[in-house]
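Kindly generate the complete structure, drawing on both the sequences and the hints.
There are 2 protein chains.
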Amino acid sequence: MRDDTIEIERIIIINNRRIPKLGNIFYSNTFLYFRDQVSLFLANSLYDEDPDDAAMLLLDLCTSGFNRRLILELRHANNILADQIADRAVQIFMKIYHKCLVRHHAD
Amino acid sequence: MRDDTIEIERIIIINNRRIPKLGNIFYSNTFLYFRDQVSLFLANSLYDEDPDDAAMLLLDLCTSGFNRRLILELRHANNILADQIADRAVQIFMKIYHKCLVRHHAD
Numbered sequence: 000m001r002d003d004t005i006e007i008e009r010i011i012i013i014n015n016r017r018i019p020k021l022g023n024i025f026y027s028n029t030f031l032y033f034r035d036q037v038s039l040f041l042a043n044s045l046y047d048e049d050p051d052d053a054a055m056l057l058l059d060l061c062t063s064g065f066n067r068r069l070i071l072e073l074r075h076a077n078n079i080l081a082d083q084i085a086d087r088a089v090q091i092f093m094k095i096y097h098k099c100l101v102r103h104h105a106d
Numbered sequence: 000m001r002d003d004t005i006e007i008e009r010i011i012i013i014n015n016r017r018i019p020k021l022g023n024i025f026y027s028n029t030f031l032y033f034r035d036q037v038s039l040f041l042a043n044s045l046y047d048e049d050p051d052d053a054a055m056l057l058l059d060l061c062t063s064g065f066n067r068r069l070i071l072e073l074r075h076a077n078n079i080l081a082d083q084i085a086d087r088a089v090q091i092f093m094k095i096y097h098k099c100l101v102r103h104h105a106d
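Each protein sequence line maps, in turn, to chains A and B.
Counting from 1, position 45 in the first sequence corresponds to residue 44 in numbering that gives the first Met the number 0; the numbering is continuous, with no gaps.
Counting from 1, position 36 in the second sequence corresponds to residue 35 in numbering that gives the first Met the number 0; the numbering is continuous, with no gaps.
Some hints here could point you the wrong way.
Pulled from the structure, derived: some chain A residues nowhere near chain B, Cβ distances all over 12 Å [said to hold, decoys possible]:
hint, residue
1, D3
2, I13
3, N23
4, Q36
5, A42
6, L45
7, Y46
8, F92
Quick list of simulated restraints, FRET-style, between CB atoms [what the hints assert, rightly or not]:
hint, chain 1, residue 1, chain 2, residue 2, range
9, B, Q36, A, R17, 33 to 43 Å
10, A, L73, B, Q36, 39 to 49 Å
11, B, I10, A, I7, 37 to 47 Å
By construction, these hints were calculated from the structure, which means they are not laboratory data.
This structure is a prediction, so every number in the text was calculated from the model and none was measured.
Every residue gets a Cβ at the ideal spot worked out from N, C-alpha and C, and that includes glycine.
Dropping the structure here:
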């Protein structure tokens with residue numbers, strides 16, 4: 000996530016008791032919106048599986064603990080860990096969904 | 000998570016710029032500590048797999064978006080969704096790790 004996205008999320012966490020609807024608006028327009036975009040993309044490639052579930056799994060695997068670290072402003076020393084988590088996320092996602100993926104191209 | 004745990008995390012997010020070490024201490028003593036406990040438990044049951052990775056996956060699957068919702072104080076209407084997410088977390092975890100689990104009892 001970009002630094003200003005984190006900054007906005009911090010501001011909303013800090014202020015959402017004074018303006019109670021803020022958290023819901025933020026959540027719907029960022030996290031749920033992004034999940035829906037991934038879901039739309041996956042809907043073309045999956046059969047017999049709920050694309051929302053698949054999108055949620057992919058996002059959970061990719062963000063693995065990062066959101067909490069970013070909100071608490073704990074930085075990684077380098078990008079190696081991020082690359083490892085991305086590789087692992089794709090491996091796990093493909094293990095779960097490889098039988099349900101529509102092949103758009105000939106093998 | 001319990002309400003007071005959420006409250007403490009909110010207070011730390013709000014104050015960790017004034018007391019920069021706070022976030023790190025909190026993260027190590029809660030999230031990492033919990034992951035290590037799950038990892039110790041799994042280490043007895045897994046072979047040929049990193050128990051830290053397995054613990055991380057199980058926690059990611061179980062917390063799926065919940066932490067963000069709780070910190071933003073968005074509540075679910077009931078526990079049905081939580082039960083569905085728990086069932087799904089275990090199904091996915093077993094799909095990934097069923098070949099690596101040591102059987103402690105005769106089948």
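Do the hints match the structure? See the list:
| no. | hint | result |
| --- | --- | --- |
| 1 | D3 | holds, 16 Å |
| 2 | I13 | violated, 5 Å |
| 3 | N23 | violated, 6 Å |
| 4 | Q36 | holds, 15 Å |
| 5 | A42 | holds, 19 Å |
| 6 | L45 | holds, 15 Å |
| 7 | Y46 | holds, 18 Å |
| 8 | F92 | violated, 10 Å |
| 9 | B:Q36 / A:R17: 33 to 43 Å | holds, 37 Å |
| 10 | A:L73 / B:Q36: 39 to 49 Å | violated, 20 Å |
| 11 | B:I10 / A:I7: 37 to 47 Å | violated, 20 Å |
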